[in-house]
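Below, each chain spelled out in residue letters.
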Amino acid sequence: ETGVTQSPTHLIKTRGQQVTLRCSSQSGHNTVSWYQQALGQGPQFIFQYYREEENGRGNFPPRFSGLQFPNYSSELNVNALELDDSALYLCASSLNVNTGELFFGEGSRLTVL
Amino acid sequence: KNEVEQSPQNLTAQEGEFITINCSYSVGISALHWLQQHPGGGIVSLFMLSSGKKKHGRLIATINIQEKHSSLHITASHPRDSAVYICAARKQGAQKLVFGQGTRLTINP
Chain D
1 ETGVTQSPTH LIKTRGQQVT LRCSSQSGHN TVSWYQQALG QGPQFIFQYY REEENGRGNF
61 PPRFSGLQFP NYSSELNVNA LELDDSALYL CASSLNVNTG ELFFGEGSRL TVL
Chain A
1001 KNEVEQSPQN LTAQEGEFIT INCSYSVGIS ALHWLQQHPG GGIVSLFMLS SGKKKHGRLI
1061 ATINIQEKHS SLHITASHPR DSAVYICAAR KQGAQKLVFG QGTRLTINP
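Chains as they are written, first to last, in the numbering used here: chain D, 1 to 113; chain A, 1001 to 1109.
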């Protein structure tokens, strides 16, 4: 039990649609990061938010966007879904932006048809 | 070549054996994480290291900054240790976490 919850756990979308995934972090954790994990591969860093501002981004196009809220929750939004967006999306929160231990949620598994 | 490489990719052992998983990285880092992922996807953080050695129960993690290498050891392995073990490096001066491809460990009774 990491204290980080994600919703929904599973969802199916069609190509071109938009999706919003949610993450609720531990109280006091002002840093949240999002990752995409394709089947059989390691996670890929999408972006990180610190105190409601994006402060780091991986090699993902602008149609991947996020928000972080004052209540330690956050969202990952993906527009114009493509088949290759099918993956497990993980969020992780930490107390310290640079050196803190990571607490992962269970992930949201997205299937794009 | 990936910035973070793990070996072996797959490892099968008998219960009770001593396990070593290796991680090499080619970039300057501020910290290195060892993570455990069970089937179904959930990831648990095992260790975060910036130098030296850490121990938690039967798990030991070491890091050699000069050689850019880290190891995860499991003593007295048990079938419940079966999982994918992932190392992830936080690049110096950046927020980006770079992951290895994972090591799939299977411990047979």
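Incorrect hints may appear among the rest.
Which stretches of chain D does chain A cover? Using the computed rule of at least three CB atoms under 8 Å from a CB of chain A, they are [said to hold, decoys possible]:
1. 33-42
2. 100-113
Label-pair ranges, simulated between beta-carbon atoms [unchecked claim]:
3. D:Leu83 with A:Asn1010: 25 to 31 Å
4. A:Ser1026 with D:Asn79: 31 to 37 Å
5. A:Ser1026 with D:Thr9: 20 to 26 Å
6. D:Leu95 with A:Lys1055: 21 to 27 Å
7. A:Glu1003 with D:Leu39: 19 to 25 Å
8. D:Gln41 with A:Gln1066: 26 to 32 Å
9. A:Pro1109 with D:Thr5: 17 to 23 Å
Some, not all, of what chain A presents toward chain D, calculated at C-beta under 10 Å [what the hints assert, rightly or not]:
10. Val1004
11. Ser1007
12. Leu1011
13. Gly1028
14. Gly1057
15. Arg1058
16. Ser1082
17. Ala1083
18. Phe1099
19. Ile1107
20. Pro1109
It is worth saying that the hints were derived from the structure and are not from the lab. By construction, the Cβ of each residue, glycine as well, lies at the ideal position given by its N, Cα and C atoms.
Checked hints:
Three residues within the 8 Å Cβ limit are the bar, and the stretch 33-42 of chain D against chain A gives 5, so the coverage statement holds. Check on the stretch 100-113 of chain D: 9 of its residues sit with their Cβ under 8 Å from a Cβ of chain A, so the three-residue criterion for coverage holds. Look at leucine 83 of chain D against asparagine 1010 of chain A: about 28 Å separates their beta carbons, and that is inside 25 to 31 Å. With their beta carbons about 34 Å apart, serine 1026 of chain A and asparagine 79 of chain D fall inside the hinted range of 31 to 37 Å.
A hinted range of 20 to 26 Å is violated for the C-beta pair serine 1026 of chain A and threonine 9 of chain D, which are about 36 Å apart. A C-beta distance of roughly 22 Å is found between leucine 95 of chain D and lysine 1055 of chain A, which places it inside the suggested range of 21 to 27 Å. Judged by the Cβ atoms, the range 19 to 25 Å given for glutamate 1003 of chain A and leucine 39 of chain D holds: they are separated by roughly 22 Å. Against the hinted window of 26 to 32 Å, the Cβ-Cβ separation of glutamine 41 of chain D and glutamine 1066 of chain A comes to about 30 Å, which satisfies the hint.
Taking 17 to 23 Å as the suggested C-beta distance range, the pair proline 1109 of chain A and threonine 5 of chain D does not conform, at roughly 33 Å. Against a cut-off of 10 Å between C-beta atoms, the interface hint on valine 1004 of chain A holds, since the closest Cβ of chain D lies about 8 Å away. Proximity of serine 1007 of chain A to chain D is violated relative to the hint, the smallest CB-CB distance being about 14 Å (cut-off 10 Å). Interface hint at leucine 1011 of chain A: violated, since its Cβ lies 16 Å from the closest Cβ of chain D, which is beyond the 10 Å cut-off.
Because the beta carbon of glycine 1028 of chain A sits about 14 Å from the nearest beta carbon in chain D, more than 10 Å, this interface hint is broken. Here the hint on glycine 1057 of chain A is broken, as its CB sits about 16 Å from the closest CB of chain D, past 10 Å. This hint is violated: arginine 1058 of chain A has a C-beta 19 Å from the nearest C-beta of chain D, more than the 10 Å allowed. Because the beta carbon of serine 1082 of chain A sits about 17 Å from the nearest beta carbon in chain D, more than 10 Å, this interface hint is broken.
This hint is violated: alanine 1083 of chain A has a C-beta 13 Å from the nearest C-beta of chain D, more than the 10 Å allowed. Because the closest C-beta pair between phenylalanine 1099 of chain A and chain D is about 4 Å apart, less than 10 Å, the hint holds. Look at isoleucine 1107 of chain A: its Cβ only gets to about 21 Å from chain D, farther than 10 Å, so that hint breaks. For proline 1109 of chain A, the shortest C-beta to C-beta distance to chain D is roughly 26 Å, which exceeds 10 Å, and the interface hint is violated.
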